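Novice: Each chain, letter by letter, is given below.
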Amino acid sequence: MLLGKVAGTLVASRKEASLSGLKFLVLKQLDLEGNETGGYRVAADAVGAGIGEVVLYATGSAARQTEMTHERPCDGVIMAIVDLIEVDGAVTYDKSEVS
Amino acid sequence: MLLGKVAGTLVASRKEASLSGLKFLVLKQLDLEGNETGGYRVAADAVGAGIGEVVLYATGSAARQTEMTHERPCDGVIMAIVDLIEVDGAVTYDKSEVS
Amino acid sequence: MLLGKVAGTLVASRKEASLSGLKFLVLKQLDLEGNETGGYRVAADAVGAGIGEVVLYATGSAARQTEMTHERPCDGVIMAIVDLIEVDGAVTYDKSEVS
Amino acid sequence: MLLGKVAGTLVASRKEASLSGLKFLVLKQLDLEGNETGGYRVAADAVGAGIGEVVLYATGSAARQTEMTHERPCDGVIMAIVDLIEVDGAVTYDKSEVS
Amino acid sequence: MLLGKVAGTLVASRKEASLSGLKFLVLKQLDLEGNETGGYRVAADAVGAGIGEVVLYATGSAARQTEMTHERPCDGVIMAIVDLIEVDGAVTYDKSEVS
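Chains as they are written, first to last, in the working numbering: chain W, 1 to 99; chain F, 1 to 99; chain Z, 1 to 99; chain V, 1 to 99; chain H, 1 to 99.
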């Protein structure tokens, strides 16, 4: 899994039938220091993530292992909202301090 | 999923038998600002996308989760045509204004 | 899928039992302008491609969705021989003019 | 598989239901000389790895082939703790000497 | 598949239960000219490869399509030992001349 920040939304009215009802969010990829790497992903949202939240997302076939995305043509899913990251003994992200 | 612009078509008369009838489109990859990244993908079209349209495409095993591509040797599929992208509170792509 | 040019062959007498009979070809990756990118892939040949031909290849689990490669430890397959590529309204590759 | 060093932990209270109970560790990717490459992964821990340990991790669908991660939306798993690496005839990592 | 040279071994006593008995080899990735690219992979050995040999390895779910790796958390497998590579009409690797 990699870290991303929910940066936006994407609307697509014409799509593969099985995708209807799925919410797509735009993620900016983050490195371990919380900086944007320049990369992005559009991912289905399985956890009700909001704009600005730091999330964990899975890609590949793992992205279909949620009720919402099962057997759908989806290769990225937000599967967790991050509360706290601790790296090398220091807290590098604490959601309660950000919001 | 990543964003792409439909840039062209590809014809292949000799191909794996199960692929007959599948339409292949050439996609130029886009970044979040809508600029071409220099990368590309050839993808099966599951939604009837047209040249110039901005689309969402999935890769890997997800690309076989459409009726059209089920159990076929296909690792990329266009699964949605994008109407609107909003990033950091601003609309960065609006199909109705482009066309 | 990505574009490749069949650049050579590879012989391997000692291999996983299920691979016997599979033909491996060496592909040089191509960009949309038909230039070599410097990357390569060794892929199983599902279509009878010849040296110098421009082909479409699939990677990952898609590479096992052919009769030849089904349930074999193979992560790349040539699934189509390209006849024509048209990008941005211009023909960028036409097999009939090359050969 | 690639080599990583367990650098930290990640807490996520809101996550896909099937993930509850899974422990996520933050891995810094290592090259063959044991240097950090700058890349990272968040992976599920299937072996009880501790901070500072050098581990082997698998990505993609392989990450779901453990009891802990079976059919869960998880694309990275620590599946072994490394004791010894020998490259080009020299021991490049020996856990017993580090700890 | 990509080309690699078997550069070493890796010992891991604590690992996911299903992995016991699997031999892990350290591969240095090779380009088509036989030069090391700087990349590496740790892969399960399905063919009895020896140090210094040039091999073909598969990644992703393909790595589980051998008897040895079936349903194990393994994302890389050596599935063939290379005898001969011919690129652009010239032999670029011939095992019988190296050893």
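Please keep in mind that the hints were generated in silico from the structure rather than gathered at the bench.
A quick note: this is a predicted structure, and the numbers were derived from the prediction, not measured.
Mixed in with the good hints, there may be bad ones.
Identical copies look the same in the list; a pair holds intra-copy or inter-copy alike.
Unchecked claim - In silico lysine to any residue, SDA-like type, Cα no more than 25 Å apart, as pairs:
1. K23 - A90
2. K95 - E71
3. K95 - H70
4. K23 - E33
5. K5 - E33
6. K95 - A7
Novice: With reference to the structure, classify each hint as holding or not holding.
Specialist: Going through the hints against the structure:
1. K23 - A90: between (34 Å within a copy, 18 Å between copies)
2. K95 - E71: Intra 32 Å, inter 28 Å, cutoff 25 Å: neither.
3. K95 - H70: Neither: 29 Å inside a copy, 29 Å across copies.
4. K23 - E33: Between. Shortest inter-copy distance 21 Å satisfies the 25 Å Cα cut-off; intra-copy 28 Å does not.
5. K5 - E33: both (13 Å within a copy, 16 Å between copies)
6. K95 - A7: both (16 Å within a copy, 19 Å between copies)
Violated hints for the displayed structure, listed by number in ascending order: 2, 3.
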